[in-house]
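A.B. asks: The listed protein sequences derive, respectively, from chains A and B. For the first sequence, the numbering used here assigns the number 213 to the initial residue and increments by one for each residue that follows. For the second sequence, the numbering used here assigns the number 63 to the initial residue and increments by one for each residue that follows.
Bear in mind the hints are in silico, worked out from the structure with no lab data behind them. Hints may be right or wrong, so weigh each one.
The calculated lysine to aspartate or glutamate pairs, modelled on EDC-like cross-linking and capped at a C-alpha distance of 16 Å, are [said to hold, decoys possible]:
#1 B/145 x B/119
#2 A/223 x B/155
#3 B/145 x B/97
#4 B/162 x A/263
#5 B/78 x A/220
#6 B/162 x A/220
#7 B/78 x A/329
#8 A/295 x B/97
#9 B/126 x B/155
#10 B/126 x B/92
#11 A/295 x B/100
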Amino acid sequence: METNWAEENLKTIRTLMERSAIYRRALAPIMIFAGLMGTAAAGVGFLSHSDSMRAFCALWLGTAATAVAGSFLIARQQAMKDKEAFWSPPTRRVAQALSAPLGVGLFVGVWFGAGHESPSLLAVFWILFYGCALHAAGFFTPRGVRWLGWVFIAGASVLVFLHQVGNDLQYNSHLLMGFFFGVLHLTYGAYLYLTEKRKNAA
Amino acid sequence: MNPEPFLQLDRVIHEKGRLAIMSMLAASPELSFTELRDALGMTDGNLTTHIRALQEEGYLSVAKSYQNNRPLTTCSLTAPGRKAFAEYINLLEQIVRQNKPI
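The whole structure should be built from the sequences, with the hints applied where relevant.
C.D. replies: Encoded structure:
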């Protein structure tokens with residue numbers, strides 16, 4: 213009796229289960245792209261002193277929309293290149309997991325934009341909701357995405373706490389957004405490029 | 063070598079196509095017929111035959127509905143199906159362990 217067929221079968225099962233459950237497509241380029249967008253937006257916002265709530269919301273919501281559209285195109289391009297279905301079960305589950313926290317974040321943005329002067333707390337809420345979105349999506353992606361979500365959630369929680377204990381806390385909201393949405397995405401993207409040797413198939 | 067675990071392997075699951083279907087469904091709450099067909103590169107007829115075999119064994123349930131006015135067939139593992147799949151994996155692992163040189 214062949215001795216390695218059982219091992220081969222187990223490998224095949226693992227591969228099929230991963231293909232069915234885990235989203236891997238183009239994660240590294242998507243993270244790098246989102247990081248570059250975040251860093252560029254922070255630079256533009258900081259240098260142009262766009263500190264009013266309206267300017268802050270317009271800049272960052274525009275950046276988010278561009279990042280989402282760009283990520284969509286990157287994922288679609290890779291799917292087409294690999295002759296795979298774009299709207300695969302893992303892609304669908306990741307989109308569903310992201311939709312609720314990102315939708316609430318958008319709602320909070322509009323609500324804050326209408327009634328508040330300073331964008332500093334809005335930046336913290338956006339970081340928090342984005343962290344929740346990454347954490348939810350992380351159940352259908354490699355584990356690192358969930359950890360990245362925790363970094364966003366922990367960072368936002370610390371900032372909320374500091375807001376509570378010291379009202380005179382001063383920071384530039386654009387630089388804060390740039391660190392979380394720019395530097396952290398770039399760092400995770402670089403980590404994926406260096407560590408993910410396998411093909412990013414969904 | 064002890065042939066016991068090999069003899070216990072579920073013959074219904076052990077077939078290549080059915081094992082692939084069970085593996086995909088074990089990692090996902092449900093998958094549509096089209097998703098399974100495209101992911102596994104099977105023909106409609108082949109997939110239907112395997113699904114029917116698994117359904118007759120009580121390992122798989124099939125639900126028919128409509129999405130955007132088009133019929134949608136979704137498959138999911140039943141509780142006995144999950145149990146049988148877990149047992150199958152355990153037996154494979156047992157076979158691998160007993161074949162490893164000490």
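A.B. asks: Each hint should be assessed against the structure and marked as holding or not.
C.D. replies: Hint by hint, here is what the structure shows:
1. B/145 x B/119: Measuring from Cα to Cα gives roughly 13 Å; hence the hint holds.
2. A/223 x B/155: Between residue 223 of chain A and residue 155 of chain B the Cα gap is close to 11 Å, so the pair holds against 16 Å.
3. B/145 x B/97: violated, 23 Å
4. B/162 x A/263: Outside the cut-off at roughly 65 Å; violated.
5. B/78 x A/220: holds, 12 Å
6. B/162 x A/220: holds, 14 Å
7. B/78 x A/329: violated, 63 Å
8. A/295 x B/97: Since the Cα atoms of residue 295 of chain A and residue 97 of chain B sit roughly 14 Å apart, the hinted pair holds (cutoff 16 Å).
9. B/126 x B/155: Distance ~35 Å between residue 126 of chain B and residue 155 of chain B Cα, so the pair is violated.
10. B/126 x B/92: Distance of about 12 Å is within 16 Å: holds.
11. A/295 x B/100: holds, 11 Å
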